[in-house]
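> What follows is the residue order along each chain.
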Amino acid sequence: MTTKTTKKTAPTECPRCGHDKLDLIHTSPVAGVWEIYHCQQCLYSWRTSEPARRTQRDAYPDSFKMTIEDIRNAVELPVIPPLRKS
Amino acid sequence: MAYDDLRSFLDALDKENQLLRITEEVMPEPDVAAAANAASRLGEAAPALYFDNVAGFDNARIAMNVHGSWANHALALDLPKTTGTKEQVAEFINRWAKFPVEPEWRDNPLWAQNSVEGEDINIFDILPLVRLNDGDGGFYIDKAGIVSKDPDDPENSGKQNVGIYRIEVKGPRKLAIQPGPVHDIGLHLRKAEERGEDLPIAITLGNDPVISIVASTPMEYDQNEYEMAGALRGAPAPIAKAPLTGLPVPWGSEVVIEGVIEGRKREVEGPFGEFTGHYSGGRNMPVIRIDKISYRTDPIFEHLYLGMPWTEIDYLMAPNTCVPLYQQLKKDFPEVQAVNAMYTHGLVIIVSTEKRYGGFAKAVGMRVLTTPHGLGYAATVIVVDEDVDPFNLPQVMWALSTKMNPSDDLIVVPHLSLMELAPQSDNPGTGAKLIIDATTPAKPDNRGNYGNQVRDLPEMGEWLTKLQQLAK
Numbered sequence: 001m002t003t004k005t006t007k008k009t010a011p012t013e014c015p016r017c018g019h020d021k022l023d024l025i026h027t028s029p030v031a032g033v034w035e036i037y038h039c040q041q042c043l044y045s046w047r048t049s050e051p052a053r054r055t056q057r058d059a060y061p062d063s064f065k066m067t068i069e070d071i072r073n074a075v076e077l078p079v080i081p082p083l084r085k086s
Numbered sequence: 001m002a003y004d005d006l007r008s009f010l011d012a013l014d015k016e017n018q019l020l021r022i023t024e025e026v027m028p029e030p031d032v033a034a035a036a037n038a039a040s041r042l043g044e045a046a047p048a049l050y051f052d053n054v055a056g057f058d059n060a061r062i063a064m065n066v067h068g069s070w071a072n073h074a075l076a077l078d079l080p081k082t083t084g085t086k087e088q089v090a091e092f093i094n095r096w097a098k099f100p101v102e103p104e105w106r107d108n109p110l111w112a113q114n115s116v117e118g119e120d121i122n123i124f125d126i127l128p129l130v131r132l133n134d135g136d137g138g139f140y141i142d143k144a145g146i147v148s149k150d151p152d153d154p155e156n157s158g159k160q161n162v163g164i165y166r167i168e169v170k171g172p173r174k175l176a177i178q179p180g181p182v183h184d185i186g187l188h189l190r191k192a193e194e195r196g197e198d199l200p201i202a203i204t205l206g207n208d209p210v211i212s213i214v215a216s217t218p219m220e221y222d223q224n225e226y227e228m229a230g231a232l233r234g235a236p237a238p239i240a241k242a243p244l245t246g247l248p249v250p251w252g253s254e255v256v257i258e259g260v261i262e263g264r265k266r267e268v269e270g271p272f273g274e275f276t277g278h279y280s281g282g283r284n285m286p287v288i289r290i291d292k293i294s295y296r297t298d299p300i301f302e303h304l305y306l307g308m309p310w311t312e313i314d315y316l317m318a319p320n321t322c323v324p325l326y327q328q329l330k331k332d333f334p335e336v337q338a339v340n341a342m343y344t345h346g347l348v349i350i351v352s353t354e355k356r357y358g359g360f361a362k363a364v365g366m367r368v369l370t371t372p373h374g375l376g377y378a379a380t381v382i383v384v385d386e387d388v389d390p391f392n393l394p395q396v397m398w399a400l401s402t403k404m405n406p407s408d409d410l411i412v413v414p415h416l417s418l419m420e421l422a423p424q425s426d427n428p429g430t431g432a433k434l435i436i437d438a439t440t441p442a443k444p445d446n447r448g449n450y451g452n453q454v455r456d457l458p459e460m461g462e463w464l465t466k467l468q469q470l471a472k
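Just so you know, the sequences run in chain order H and E.
First residue of the first sequence? That's 1 in the UniProt record's numbering, and the numbers climb one at a time after it.
First residue of the second sequence? That's 1 in the UniProt record's numbering, and the numbers climb one at a time after it.
None of these hints come from the bench; they were simulated from the model.
Among the clues, some could well be false.
To be verified - Chain E residues, not near chain H, derived (Cβ > 12 angstroms throughout):
| id | residue |
| --- | --- |
| 1 | A2 |
| 2 | K98 |
| 3 | N122 |
| 4 | K466 |
Claimed, not checked - Mimicking BS3-like on lysine-lysine, the simulated pairs with C-alpha atoms at most 25 angstroms apart in a straight line are:
| id | chain 1 | residue 1 | chain 2 | residue 2 |
| --- | --- | --- | --- | --- |
| 5 | E | K81 | E | K98 |
| 6 | H | K21 | E | K174 |
| 7 | E | K265 | H | K21 |
| 8 | E | K81 | E | K443 |
| 9 | H | K65 | E | K174 |
Even for Gly, the Cβ is constructed at its ideal location relative to N, Cα and C.
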């Protein structure tokens, strides 16, 4: 099985979009095993104990990366309908 | 025997050697998903997996691959675990005929043991959430039955819906949801948003195995899933009223999350590795606010791995996609013999039919496109003769090999509606569809040089039985 890869220092950037404003949203019930962070820009969430390909910007696959343009141009699903006329 | 909750079904799987308990310590990622991914590669009798030693958690219980094989699917329907695919579909058709069976309102629901409300909610405290695939944008809930009502007709129990839709966890009490416009919850949300309202919902997790099957069945808009569960179980489905929203939810759920889809709000979601075997996402999708969570003591988190087919979702959505299509086609065309819509929830559909006259098979193929499910799926429809078993792919390939003339038997219809997740679509929401007529031409269609077809010898059946007995 995979060995534990607990990070001792808090992440400074989002692996997916590179943004530096991150929220710590949960910590492991067993202290010190992992933390869960959430990016304020692209809303990516990750656990610090996950493999580097999910947690490190330089190891994160390019095809999964997201830019601010991707977020701005994101398609709306489902489309918000017009309000009914009362 | 009908199972009233997930735990009694897990016990039954255990007794049938269809539940594998992983007792060694595993990492939440990638181990839980990788093991479930591997389970789906074990074949048609793969077991469910149960984890209760997950690093960093002090009280996690995760069940994976509960429906993830023909053996487990058979047991979910209380059939012997060796029941074949075609036989399971046939039994499904028989039980469907008993629809509707009224649900039973039952007191003291199992999920009422504990609850948390408002600002005290942290979903991470209750569910041991794990990421499934590398490119997923976060932690998902992808096997919950989500209950909602038609805002224009809230007293109509037929129009209420229990469906499985992907949910991304975005914060302690914030979720995202994918309500496709062709899905029932999409219709409910549209009406709520036209009215300028939020849509109340109840997300029910860890259900008895038939609830998950009906929640992923493409039923008609005004058909009640609990009434279908009763028909499939052979006993009324036990339900109870959710405390905050009053929505009818399964009596035996492990966890019931209540809240609203916030009207007229969208936010970036995903991506998520979907049942198509491709990621979808990075789109602006609706947001859920959680207002209350009720849960059994020591809840079991039932989760579903999906990826390159086949995985659990393909078993979960196999017979239950074939049967409504069969019923709808049979109603108009009694010549239809069988429907196989097991591939990617019916993106490919194979129909066997007798031919009333020349051109009839093509008409059946076109009817598939206009069934409620065909509107969003049925990218390719293959029509075969009545003596070809659509569940026997070598036979289907034989039909394609010999009965199909590319100049006349391939009909492409451009720009039809197609669900957004179909990777081959022209653009999300529409795409071309193909009907392949792989039937023997019937008079007055005289194309081809068919002459006489070789048939199984009349004595073959007797010999088959004899050989099977000798081989035991």
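> Is it true that the CA of K21 (chain H) sits at most 25 angstroms from the CA of K174 (chain E)?
holds, 18 angstroms
> Check whether the Cα positions of K265 (chain E) and K21 (chain H) lie no farther apart than 25 angstroms.
holds, 23 angstroms
> Take a quick look at K466 (chain E) and tell me if its Cβ sits farther than 12 angstroms from every Cβ on chain H, holds or violated.
Holds, because the least Cβ-Cβ distance between K466 (chain E) and chain H comes to about 50 angstroms, which exceeds 12 angstroms.
> Should the label of N122 (chain E) as a non-interface residue stand, given a Cβ cut-off of 12 angstroms to chain H?
violated, 7 angstroms
> Given the hinted pair K81 (chain E) and K443 (chain E), is their alpha-carbon gap at most 25 angstroms?
violated, 44 angstroms
> With a cut-off of 25 angstroms on the C-alpha distance, tell me whether K65 (chain H) and K174 (chain E) pass.
holds, 23 angstroms
> Minimum C-beta separation from K98 (chain E) to chain H exceeding 12 angstroms: can you confirm that?
holds, 34 angstroms
> Against the 25 angstroms threshold, does the CA-CA distance of K81 (chain E) and K98 (chain E) hold or violate the hint?
Holds, at about 23 angstroms.
> So is A2 (chain E) really clear of chain H, every C-beta pair being over 12 angstroms apart?
holds, 35 angstroms
Going through the hint list in order, the structure does not satisfy hints 3, 8.
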